[in-house]
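A.B. asks: Here the sequence shown is numbered in the working numbering, starting from 1 and rising by one per residue.
Just so you know, the hints here were simulated from the structure itself, not pulled from any lab data. Computed from a prediction, not measured in an experiment: that's the story for all the values here. We treat Cβ as the ideally placed atom computed from N, Cα and C, and that holds for glycine. Take the hints with a grain of salt, since some may be wrong.
[To be verified] Now the in silico label distances, taken between C-beta atoms and shown as ranges: (1) R47 to Q105: 34 to 44 Å; (2) L69 to G112: 20 to 30 Å; (3) G120 to L87: 38 to 48 Å; (4) N67 to G120: 53 to 63 Å; (5) Q39 to F16: 24 to 34 Å; (6) R40 to M14: 39 to 49 Å; (7) V92 to P37: 22 to 32 Å; (8) P59 to Q39: 42 to 52 Å; (9) P59 to Q105: 55 to 65 Å; (10) L46 to S101: 45 to 55 Å.
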Amino acid sequence: MFSGQKNIFNLFRMAFIRVVGVSLIPLSLVACVSTEPEQRAPIADLRPTVAIIGAENPPEQVNIYVNNLLFGALSDYTEPQQPLRLLSGVQVLEIKHQGTSLYKQSLQLSPGEHRIINLGPVDILESIESETAEADSPLY
């Protein structure tokens, strides 16, 4: 062999060793990874909840607002299993029927707190009926 061929052979050999060595590094890292199954602990939901009771079968037009944002129909949140989940701090809870406020309360809520608001069905229905009677009465 010529000395030029030896140099080329040595260069190819060194390049081959580097390529093989670099390609084996990821395989060695994969072998170090643990195969233990991952254990996940459930994350507790610490948002305060507000349960609304006492307003059985409210009309669909009665809505709940929190900080002037519509949260949905009151009928969606009258079951104890369906509380409102809110953020901690001061929240203004308002119940409206066709834009007229029937109930309004400012609540100071702490993380994990469960608050119960007892609305009498008579109160809401009376408010709606008086509202309807005023709208139906003729103006003289």
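A.B. asks: Now tell me if each hint is right for this structure.
C.D. replies: Hints, verified against the model:
1. R47 to Q105: 34 to 44 Å: violated, 18 Å
2. L69 to G112: 20 to 30 Å: holds, 22 Å
3. G120 to L87: 38 to 48 Å: violated, 28 Å
4. N67 to G120: 53 to 63 Å: violated, 24 Å
5. Q39 to F16: 24 to 34 Å: For F16 against Q39, whose Cβ atoms are near 44 Å apart, the range 24 to 34 Å is violated.
6. R40 to M14: 39 to 49 Å: holds, 48 Å
7. V92 to P37: 22 to 32 Å: violated, 46 Å
8. P59 to Q39: 42 to 52 Å: For P59 and Q39 the Cβ distance comes to about 48 Å; the hint holds.
9. P59 to Q105: 55 to 65 Å: With Cβ atoms ~20 Å apart, the hint is violated.
10. L46 to S101: 45 to 55 Å: violated, 30 Å
The structure fails hints 1, 3, 4, 5, 7, 9, 10 (numbered hints given earlier, in ascending order).
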